[in-house]
Amino acid sequence: MINWFVKTFPNVAALGWTGDAGWGTAIFQTLFMTFWSAIFGGFLGIVFGLLLVLTKPGGVLANRFWHNVIDKLISILRAIPFIILLALIAPVTQKIVGTQIGMKAALVPLTVGVFPFFARQVQVALESVDAGKIEAAQALGATTKDLIFDVYLKESRGELIRISTVTLISLIGLTAMAGAVGAGGLGNTAISYGYNRFANDVTVVATLLVVLLILLVQLVGDLLVKKLSHQRRR
Amino acid sequence: MAQIELKHISVDFSGQDAVRDVSLDIEQGDILGVIGYSGAGKSTLVRTINLLQQPSKGTVKVNGQVLFANGQQQVSAKQLQASRRKIGMIFQNFNLLEEATVFENVAFALKHAGLPDDELEQRVNHLLELVDLQSKAEAYPVQLSGGQQQRVAIARALANKPDILLSDEATSALDPKTTKQILDLLYRLNKKLGLTIVLITHEMDAVKQIASKIAVMKNGRVIEQGPLLDVFLQPKQKLTQEFVGGALEVQEILEKYHFQNLAPQEQLVQLVYQITDVTQSVLADLDQAIGTKASILYGNVEQIGGQPVGTLAVLLPLTPEQEQTAKEFLASRHVLATKLDKEVLTDD
Chain A
1 MINWFVKTFP
11 NVAALGWTGD
21 AGWGTAIFQT
31 LFMTFWSAIF
41 GGFLGIVFGL
51 LLVLTKPGGV
61 LANRFWHNVI
71 DKLISILRAI
81 PFIILLALIA
91 PVTQKIVGTQ
101 IGMKAALVPL
111 TVGVFPFFAR
121 QVQVALESVD
131 AGKIEAAQAL
141 GATTKDLIFD
151 VYLKESRGEL
161 IRISTVTLIS
171 LIGLTAMAGA
181 VGAGGLGNTA
191 ISYGYNRFAN
201 DVTVVATLLV
211 VLLILLVQLV
221 GDLLVKKLSH
231 QRRR
Chain B
235 MAQIELKHIS
245 VDFSGQDAVR
255 DVSLDIEQGD
265 ILGVIGYSGA
275 GKSTLVRTIN
285 LLQQPSKGTV
295 KVNGQVLFAN
305 GQQQVSAKQL
315 QASRRKIGMI
325 FQNFNLLEEA
335 TVFENVAFAL
345 KHAGLPDDEL
355 EQRVNHLLEL
365 VDLQSKAEAY
375 PVQLSGGQQQ
385 RVAIARALAN
395 KPDILLSDEA
405 TSALDPKTTK
415 QILDLLYRLN
425 KKLGLTIVLI
435 THEMDAVKQI
445 ASKIAVMKNG
455 RVIEQGPLLD
465 VFLQPKQKLT
475 QEFVGGALEV
485 QEILEKYHFQ
495 NLAPQEQLVQ
505 LVYQITDVTQ
515 SVLADLDQAI
525 GTKASILYGN
535 VEQIGGQPVG
545 TLAVLLPLTP
555 EQEQTAKEFL
565 ASRHVLATKL
575 DKEVLTDD
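First to last, the protein sequences are chains A and B. The numbering used here puts the first residue of the first sequence at 1, with every later residue one more than the last. The numbering used here puts the first residue of the second sequence at 235, with every later residue one more than the last.
Treat the hints with care, as some may be off.
To be verified - Derived PhoX-like pairs (lysine-lysine); straight-line CA-CA distance at most 25 Å: (1) B:Lys-425 x B:Lys-411; (2) B:Lys-320 x A:Lys-145; (3) B:Lys-426 x B:Lys-414; (4) A:Lys-145 x B:Lys-345; (5) B:Lys-425 x B:Lys-470; (6) A:Lys-145 x B:Lys-312; (7) B:Lys-527 x B:Lys-573; (8) B:Lys-312 x A:Lys-154; (9) B:Lys-411 x A:Lys-227; (10) B:Lys-426 x B:Lys-320; (11) B:Lys-320 x B:Lys-395; (12) B:Lys-490 x B:Lys-472; (13) A:Lys-145 x A:Lys-56; (14) B:Lys-490 x B:Lys-452; (15) B:Lys-241 x B:Lys-470; (16) B:Lys-370 x A:Lys-226; (17) B:Lys-426 x B:Lys-395; (18) B:Lys-241 x B:Lys-452; (19) B:Lys-527 x B:Lys-561; (20) B:Lys-452 x B:Lys-425; (21) B:Lys-241 x B:Lys-291; (22) B:Lys-291 x A:Lys-154; (23) B:Lys-312 x A:Lys-56; (24) A:Lys-145 x B:Lys-395; (25) B:Lys-573 x B:Lys-490; (26) A:Lys-154 x B:Lys-345; (27) B:Lys-425 x B:Lys-414; (28) B:Lys-370 x B:Lys-414; (29) B:Lys-452 x B:Lys-527; (30) B:Lys-291 x B:Lys-452.
Stated by the list, open to error - Some but not every residue of chain A turned toward chain B, in silico, with C-beta under 8 Å: (31) Gly-132; (32) Glu-135; (33) Ala-136; (34) Lys-154; (35) Glu-159; (36) Lys-227; (37) His-230.
Please keep in mind that the hints were generated in silico from the structure rather than gathered at the bench. For each residue, glycine too, the CB sits at the ideal point set by N, CA and C.
Please work from the sequences and hints to get the whole structure.
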C-alpha cells in the first residue's frame, strides 16, 4: 500500500511529514493561521458589527458621527483586494510582529482582511433581531450590556454561526493566498512545491486537503446551527 | 395624586405629530382602555409612560416620580431602568426571546433583582404558576401557541412586581377564545394584585369586557374620556358612538323596518339603562305610567365594565302630556332616553 502510494505520488511522498516543506508542517501552518486570524478577526468583526448596529440612528447608542466613521472605515477596508492588502500593510506588520514573513506575520493582513467582511455580516445578522425584542427588553429595564449579550448576540446566534462558517471558509482561502507570499501552509505547498516544480500530484493533494478542511468546517457549522437555533424558519 | 400623570404630552415624528397635547391621569387600580383606529397615536402615547418613546413636549410622572419634563429626561439611565422594572409591558407580537426557554425568559426580567439562585427559581416558578404554564418551563417559545406565549410575556412583565401593566394590542394577534382568556387573566391580576392596567386596543369588546375607564383617541388627541359606563351611556363624540357600537347597530336594525307611515305622534326612542334590579321591568312600568304600549324594535344586554347594561329601541305613540310624563318617569329610573330621528331611519 505504502509502496503503491510512493510510486504513484512520488513528489507527495518526497516532501515528507515534518521539516520546512513537510505536509504536517503545512497543515499546522494553515490551521494556525486560520485559527488565530479567526479569533482576532472574529472578535473585531463582532465588535465593529455591534457598534454599527448600536450607533445607527434610532439604535440603543445612536450616534451619527461614530456610525458614519465606522461604516466608512469598513467599506474602505473591504474594498482593498487581499493580495494588495498583503503588500500594503507590510510596514504595519513589521511594527507589530517584527517581521514581514512567516505564518505569524500573515496574521496581521489576514485579520485586517477578514474582519470588515465579517463585521458587515454581523451587522446584517444583528439587524435581523426583531426590534420588538429590543423594545421588550428595554421595557423590562435591561441595561445596554443585557441588550448586547442576552438579546442581540444570543437571539442572532444561529445566524452568527451561519455567517461564521461562511467567513471561516473564505478565511481558509485567504490563508492559501497568504501562503503564496511566504507564510507557509497548504497554499504555499500547492504553489511552491507543486505548481512551480511541475509536481501536479502535490498540487492535487494540497487542494484535496484544503477542500476536506472546508467541508469539515461546513459540517460542524451546520450541526451547531441546528442544535442552537430555535427560531421560526422565516 | 394619580399613579400615572401625563401632562400636555406631544410626540413629534419629524414634523408629524403622532400625539398632540394629551393630558391623562390614571389612578391606581384602574383598567384604562385606550381605544382608537390604527394610527391614532395610542401606542406612541402609552410608550411615553415608560419612556420607550421620548415626548417632544410635556411631563410624565409615574408613582410620584417625574420621568420627563421640560423637553428632557429627568432621571439617569440607571434610574430609568429601575423605574421601568416597576412598569410591566406586553405586546401584540409577544416579543419573547426565542433562543431562551420559558423559564429563562422570565428569569431574564429578574436579572437585576439580586436574588440568590434558589429564590430566583422559586419566583419564576411562582410566576409561571400564576399564568398556568409551569409544565412549559423548559419549552422554547417556538413550541408554544400564541396564547401561551402571551402568558409567558405576562409572567415576564410581572416578574419585578410592577404596579402598572401596559398592554399594547396584546390580544390583537389572538383568536377570540384566547383573547377572552388573556383578558380574564388581566382582570384577575387587576383585582388580585391591584395592578393598574393601560389597555391599548382597537377592539371595543376588549375594553367593554374589563376596562373601568376609557379614553378615545383620534389623530393624536384624546377626544373623550371618563368612566366606561358613563362614556358608554352618553357618548359625546361620533367616533365614540361608533366604537361603543350601540348607535350603529340600532340604526342598522331600525333601517330594516322601512318606516314610511309613522303617525305624527309616534316617537322612536332609544333607552339605555343599567340593570340593577332584575325583578323590575322598565318597559312595563313605563307603559303603566303613560297608559300606552311601547313596541320593542331592538333590544340588547351586554356587560360594560362588569355591569349588565340594556339597550332598547322602542316605538311609542305619545301625546305631548304623555311625553312629559314619560320623560319624568325615565329620569326617575335613571334610564337614558334619546329620541331617534325618524327621517334618518326611513331608509330608501
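For each hint, the structure was consulted:
1. B:Lys-425 x B:Lys-411: Holds - the C-alpha atoms of Lys-411 of chain B and Lys-425 of chain B are around 21 Å apart, at most 25 Å.
2. B:Lys-320 x A:Lys-145: holds, 20 Å
3. B:Lys-426 x B:Lys-414: Roughly 18 Å separates the two Cα atoms, so the pair holds.
4. A:Lys-145 x B:Lys-345: holds, 12 Å
5. B:Lys-425 x B:Lys-470: violated, 30 Å
6. A:Lys-145 x B:Lys-312: Roughly 12 Å between the alpha carbons, so the hint for Lys-145 of chain A and Lys-312 of chain B holds.
7. B:Lys-527 x B:Lys-573: It holds: about 17 Å lies between the C-alpha atoms, which stays within 25 Å.
8. B:Lys-312 x A:Lys-154: Cα-Cα ~23 Å, so holds.
9. B:Lys-411 x A:Lys-227: violated, 35 Å
10. B:Lys-426 x B:Lys-320: holds, 17 Å
11. B:Lys-320 x B:Lys-395: Roughly 7 Å between the alpha carbons, so the hint for Lys-320 of chain B and Lys-395 of chain B holds.
12. B:Lys-490 x B:Lys-472: holds, 22 Å
13. A:Lys-145 x A:Lys-56: Status holds; Cα separation ~17 Å.
14. B:Lys-490 x B:Lys-452: Violated, at roughly 31 Å.
15. B:Lys-241 x B:Lys-470: This hinted pair holds, its Cα atoms lying about 23 Å apart.
16. B:Lys-370 x A:Lys-226: holds, 22 Å
17. B:Lys-426 x B:Lys-395: Roughly 12 Å separates the two Cα atoms, so the pair holds.
18. B:Lys-241 x B:Lys-452: The given pair, whose Cα atoms are some 18 Å apart, holds under the 25 Å limit.
19. B:Lys-527 x B:Lys-561: This hinted pair holds, its Cα atoms lying about 15 Å apart.
20. B:Lys-452 x B:Lys-425: violated, 30 Å
21. B:Lys-241 x B:Lys-291: Roughly 9 Å separates the two Cα atoms, so the pair holds.
22. B:Lys-291 x A:Lys-154: Between Lys-291 of chain B and Lys-154 of chain A the Cα gap is close to 36 Å, so the pair fails against 25 Å, i.e. violated.
23. B:Lys-312 x A:Lys-56: OK: Lys-312 of chain B and Lys-56 of chain A at ~22 Å, within 25 Å.
24. A:Lys-145 x B:Lys-395: holds, 23 Å
25. B:Lys-573 x B:Lys-490: holds, 18 Å
26. A:Lys-154 x B:Lys-345: Holds, because 15 Å separates the two Cα atoms, which is no more than 25 Å.
27. B:Lys-425 x B:Lys-414: holds, 16 Å
28. B:Lys-370 x B:Lys-414: holds, 21 Å
29. B:Lys-452 x B:Lys-527: With a Cα-Cα distance of about 42 Å, the restraint between Lys-452 of chain B and Lys-527 of chain B is violated, given a limit of 25 Å.
30. B:Lys-291 x B:Lys-452: Since the Cα atoms of Lys-291 of chain B and Lys-452 of chain B sit roughly 19 Å apart, the hinted pair holds (cutoff 25 Å).
31. Gly-132: Given a least distance of 4 Å, the restraint on Gly-132 of chain A holds.
32. Glu-135: Holds, about 6 Å.
33. Ala-136: holds, 4 Å
34. Lys-154: At about 5 Å, which falls below the 8 Å cut-off, the nearest Cβ of chain B leaves the hint on Lys-154 of chain A intact, so it holds.
35. Glu-159: violated, 11 Å
36. Lys-227: Constraint on Lys-227 of chain A not satisfied, violated at 12 Å.
37. His-230: With Cβ-Cβ at 4 Å, under 8 Å, it holds.
The structure shown violates the earlier hints numbered 5, 9, 14, 20, 22, 29, 35, 36.
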